[in-house]
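Trainee: Chains as they are written, first to last, in my numbering: chain P, 3 to 450; chain S, 3 to 450; chain W, 3 to 450.
By construction, these hints were calculated from the structure, which means they are not laboratory data. One or more hints might be untrue.
When chains are identical, the list treats them as one kind, so a pair holds in a single copy or across two.
[As the list claims (entries may be wrong)] Result set (EDC-like, lysine to aspartate or glutamate): computed pairs, CA atoms no more than 16 Å apart in a straight line:
1. Lys363 x Glu236
2. Lys363 x Asp61
3. Lys206 x Glu287
4. Lys206 x Asp140
5. Lys206 x Glu45
6. Lys206 x Asp353
7. Lys76 x Glu152
8. Lys76 x Glu15
9. Lys206 x Asp47
Note that this is a predicted model, so its numbers are computed, not measured.
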Amino acid sequence: MKTAVDATALGRELYDRVRALYPICRSITGSGVRETLARLAGEIDIRCSDIPSGTRVFDWTIPNEWNIRDAYVKNSRGERVIDFRQSNLHVMSYSVPVHARMSLDELRPYLFSIPEQPDAIPYKTSYYSPRWGFCLSDRLLQSLPDAEYEVRIDSSLEPGHLTYGECVLPGREAAEVLISTHICHPSLCNDNLSGISVAVSLAKLLGRMSHRFTYRFLFVPGTIGAIAWLACNEARAHTIAHGLVLAGMGDRGSINYKRSRQGRAEIDRAVAHVFAHAGQQSGIEDFSPAGYDERQYCSPGFNMPVGVLSRTPWGRYPEYHTSADNLDFVCPAALADSLATCLDVIEVLEDNTTLISQNQKCEPQLGARGLYASLGGHRRGGQATDAALLWVLNLSDGMHSLLEIAERSGLAFTVIHRAAATLIDAGLLLDVNAVPQPARWRRTGTTK
Amino acid sequence: MKTAVDATALGRELYDRVRALYPICRSITGSGVRETLARLAGEIDIRCSDIPSGTRVFDWTIPNEWNIRDAYVKNSRGERVIDFRQSNLHVMSYSVPVHARMSLDELRPYLFSIPEQPDAIPYKTSYYSPRWGFCLSDRLLQSLPDAEYEVRIDSSLEPGHLTYGECVLPGREAAEVLISTHICHPSLCNDNLSGISVAVSLAKLLGRMSHRFTYRFLFVPGTIGAIAWLACNEARAHTIAHGLVLAGMGDRGSINYKRSRQGRAEIDRAVAHVFAHAGQQSGIEDFSPAGYDERQYCSPGFNMPVGVLSRTPWGRYPEYHTSADNLDFVCPAALADSLATCLDVIEVLEDNTTLISQNQKCEPQLGARGLYASLGGHRRGGQATDAALLWVLNLSDGMHSLLEIAERSGLAFTVIHRAAATLIDAGLLLDVNAVPQPARWRRTGTTK
Amino acid sequence: MKTAVDATALGRELYDRVRALYPICRSITGSGVRETLARLAGEIDIRCSDIPSGTRVFDWTIPNEWNIRDAYVKNSRGERVIDFRQSNLHVMSYSVPVHARMSLDELRPYLFSIPEQPDAIPYKTSYYSPRWGFCLSDRLLQSLPDAEYEVRIDSSLEPGHLTYGECVLPGREAAEVLISTHICHPSLCNDNLSGISVAVSLAKLLGRMSHRFTYRFLFVPGTIGAIAWLACNEARAHTIAHGLVLAGMGDRGSINYKRSRQGRAEIDRAVAHVFAHAGQQSGIEDFSPAGYDERQYCSPGFNMPVGVLSRTPWGRYPEYHTSADNLDFVCPAALADSLATCLDVIEVLEDNTTLISQNQKCEPQLGARGLYASLGGHRRGGQATDAALLWVLNLSDGMHSLLEIAERSGLAFTVIHRAAATLIDAGLLLDVNAVPQPARWRRTGTTK
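One chain only, chain P, in its complex shape (with noise of 0.2 Å):
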């Protein structure tokens, strides 16, 4: 399926707008959300919606906006020694206003390094009590006198909006896709610049094409976001019919998916098909309540079909929410892949479907269509097509979809499904569900 055709420019893609979107330092408010949805909507048709600090989403409430403009810790000769020009990590998200003059020993409890990684800088945040602080590398740390320090952290934290995007393509149904993605964190690429840009990509490619089911992006700050979608969307939820997380998109790992609540959804099997047909090493685990925007999603009252696609899962590579998980930490290629992934899932979603064999008892006379060889006894070869043909008759009664043909069969779905077009043209499959269409889902794009 993945095709290396344009793999290298679509990584190129992947990559470079990973790299666009890097400087700009986000929260879950404030300016750097709303400046990286306005750079995404110059590629999608994004529309945002802004909901106002202190409104109820469930058991939350929307905090107040932050915002900041600059932040330092200066020496006494008045230099930066910590500098958020240089890298907005070194302040903790949601930091309060603060200008002080103070001794090593009273910052020391406002500095946050990690002693195991020396060299890296901690992603602290703070959303949700008043706090402030810095972080730095665990060398810097080490390295500053005991002496008195000018300490600045130039922010502001009033009541403003939360902002999350949405890119709708309506399908020829009404039942949707969700891809959802967090865009809540500074300057980090893995997590989760690069599920940005992988849904980006995917949606510009979605939307060249024609497709059944409806597909809903929606780029959210992380937990507050998503509750906040899911509290001003209840009704939609049930609509949702498969849904993915994306995050953890660029890294070198291996692929990986994180099976919904349900562990038996549709979406939990189309991935485990493509995982297992795909020739690649892919891991599979079982939902658990700890992660990303599932969490939310997949919470009892709406218990949506929602998996995590990742490549290794967070807190598993000690880049992980530091500085090093930085432009070096994704590649092009991991990117390509993980979009091809992504492709795959969505080619078996299309496409599955639940089909009525015509001939119900024995089977139809396949040679008489031409759909057979008509030379019988000894063969050399394989006759994998004709095999396809049968299972999807013999398994065509109403009771096992597409995918339950390919699961059961050992078959890949795309041969499973391209042998149901055969019998569909011949006459010898009906789609119950169908309703006449103006095209078939096909690609038209060029990417696999």
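Position chains S and W relative to chain P; hints supplied.
Mentor: Positioned in the frame of chain P, the structure of chains S and W alone reads:
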């Protein structure tokens, strides 16, 4: 179970029948099939049905009847270089008549060989498109000089009948066990004179016994014959409680079972149980829609509990569908073992029933009935009989058949059945389905 | 869980009780059983029931009461070569009275030994057929000279009673936990003074605690006693929510569980969970109808959720049902470990409940309630507590018990239960079954 008492004699009977039927040129129609059925009628009570050419059977049409008298390719000296009289495999089955002179190059498209097996004549058919052809060893093909040849196939393809045979052995119950075997192959021993021969001996043995089920043996041309029978017996299909397709019963490979489409039908579990306790190598595979006439019996509209018993499955031995599937390829011991396996499976089907313990609350006092060692406390050696008694009593709650008790206990069905018989004799078990029986099913023959 | 605090003291208490009861000659009826129950009544509140001989209990009849005063085999010099006063195992239980002189050859059919274990006296019974016999070591048997002997068994077998004891500890709920142990064995330690002793200490410990379930301890003669209790308490059977048969609790083998006939009852899953998290070797086996009194509790008409807790299962150690099952064969540490395991299982049963998250749609804001590290982003070390909170919230949809949440999360029940308690305190979970409780179940003792 498989006592060696008559294995030698039985193997001889089975093999001799294969040898007697070997020379006949069979196809899906024609005098060869009728001659074969006539021979079998000398041993068992076979009723033949003739379906006229042109009859619609589900999606299919009974083809014209094919008969062949002679066929050859003669060289310029008038010598038969390919001669139907030497092997009926030399002519593609259902070849239309031809009489012509042509060069080797003109003849070549009509000649079939197997380069990888230079001494084997392939078996070829063209039932449903009007063609002709000769099959020959590749060694012979390579030796043919570039000359002119006289080509003659003295066949006829005219309205007639498709013929199949049925042998019905009425049992105490109307529910049937179907034993189906295909009779359309010419001089090929394992596929499927072996299946025919095992079916005939099985019918003879069962004919001498009292049995619970009605046994229906079908001797049908492959595919079209099974379809014709199903079309003529649509209402009967649901009286078939269990079924086996017999094919490839004589090669030296180990015994093999392919599950019915249902997968967990009683026949599937009975065979699995027999295999598990047989103490010899065996294999079980899931249903797939390629194969023998189970394709029709297991089509979704019938979905009958019919599996396939064979030794090495079709297509997995190089002799398959070639002249190498000859009298040397099958052996008496394998044929006898296949028959013994059928009998073991049938014994489970016959004896399997659901009983009701008369003591649902607490164990009955076995000791008082002489069913228990009267001395309690320390014992030496096994208590397999006791264990079987306890298992049967504990699970005879109306929800577990004896086969299910055997499965759960890990004990052999025969051990469980013997325990059940003991408990019935002691008045501790009741067979809710039992009507007064003249005599319980017992083998009266000496075969095992 | 198994803190070592009182393990030594507890082991001593358990072992001392075994030692005190060891000399008594018990059988399924008679003064030995009553004396044993009288001793236990000094420690726990036991109510005894006497069922008259001749009473029908389901398929059985209460036998005559057996009592024995003395028994011996004397040689020609009047010396007791086999002496009941040395070991009550020397007399086959339920031996009818005998007084005779006979030669060794005449005596032989009444003598039982174990040639493979020349020093062990076997334990033999003949409850339901009138016999007599002596058991002795094979070494002693071989040394007996061929002479005349005086044989005397001063026993009586007369109408009387079968006696069993019950200790009921009322809980907040009427639903019961059954703890059953057999009391019919004479001087045998592991089988089953060990089970008796563990049951008594367990009853003492539970008596000092507030508990949810009502605990019913049964001290019954094997088989006939359990049957008698069931016959007298047929209506009560369905109030038993969980049950354990305790037997063989003192040998040095690892702990073992045999599942109830139901196989997936809560008791089965609770024990499996405790074993999986215990960090020591343990075994679990499926139900089988041979064994102890679970045979009756799990007869199909009752099918109670009763499993068996033992160390090395019965019959799998050479000391089983011989004089080698003595005070050396059991040890305080094993007895204490068995009791601790019971307590761990009971803790799961007591604390298992189904809770309802007050926030079915999206997570509640844990941070706002001080239940979450307020600093987000990069963290070091585990977050087991957080994970447990999230698991409990996510699966508390009314369809998952805490035990099921523990099973699915892979976390220990105690961790899940603690998280649930935290969430209840925070008002985030509601126990739908909860009625106002005077005090939650807490161990008030110091045993663990």
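Trainee: How would you classify Lys76 and Glu15 at a CA-CA limit of 16 Å: within, between, both, or neither?
Mentor: neither (39 Å within a copy, 70 Å between copies)
Trainee: Evaluate Lys206 and Glu287 at a C-alpha cut-off of 16 Å and name the case that applies: within, between, both or neither.
Mentor: Classified as neither: same-chain Cα gap 29 Å, cross-chain 46 Å, threshold 16 Å.
Trainee: Given identical chains, is Lys206 near Asp140, meaning Cα to Cα at most 16 Å, within a copy, between copies, both, or neither?
Mentor: neither (42 Å within a copy, 58 Å between copies)
Trainee: At most 16 Å between CA atoms: does that hold for Lys206 and Asp353 within a copy, between copies, both, or neither?
Mentor: Classified as neither: same-chain Cα gap 20 Å, cross-chain 53 Å, threshold 16 Å.
Trainee: If the cutoff is 16 Å on CA atoms, where do Lys363 and Asp61 land: within, between, both or neither? Let me know, please.
Mentor: between (56 Å within a copy, 9 Å between copies)
Trainee: One pair to classify: Lys206 and Asp47, alpha carbons no more than 16 Å apart. Within, between, both, or neither?
Mentor: within (9 Å within a copy, 72 Å between copies)
Trainee: Taking 16 Å as the upper bound on the Cα-Cα distance, should Lys76 and Glu152 be classified as within, between, both, or neither?
Mentor: within (5 Å within a copy, 106 Å between copies)
Trainee: Since the copies are identical, ignore which copy is meant and state whether Lys363 and Glu236 lie within 16 Å (CA to CA) inside a copy, between copies, both or neither.
Mentor: Close across copies (9 Å), not inside one copy (46 Å); limit 16 Å.
Trainee: Could you place Lys206 and Glu45 in one of the four classes (within, between, both, neither) given a Cα distance threshold of 16 Å?
Mentor: within (8 Å within a copy, 74 Å between copies)
Consistency with the previously given hints fails for numbers 3, 4, 6 and 8, ordered from lowest to highest.
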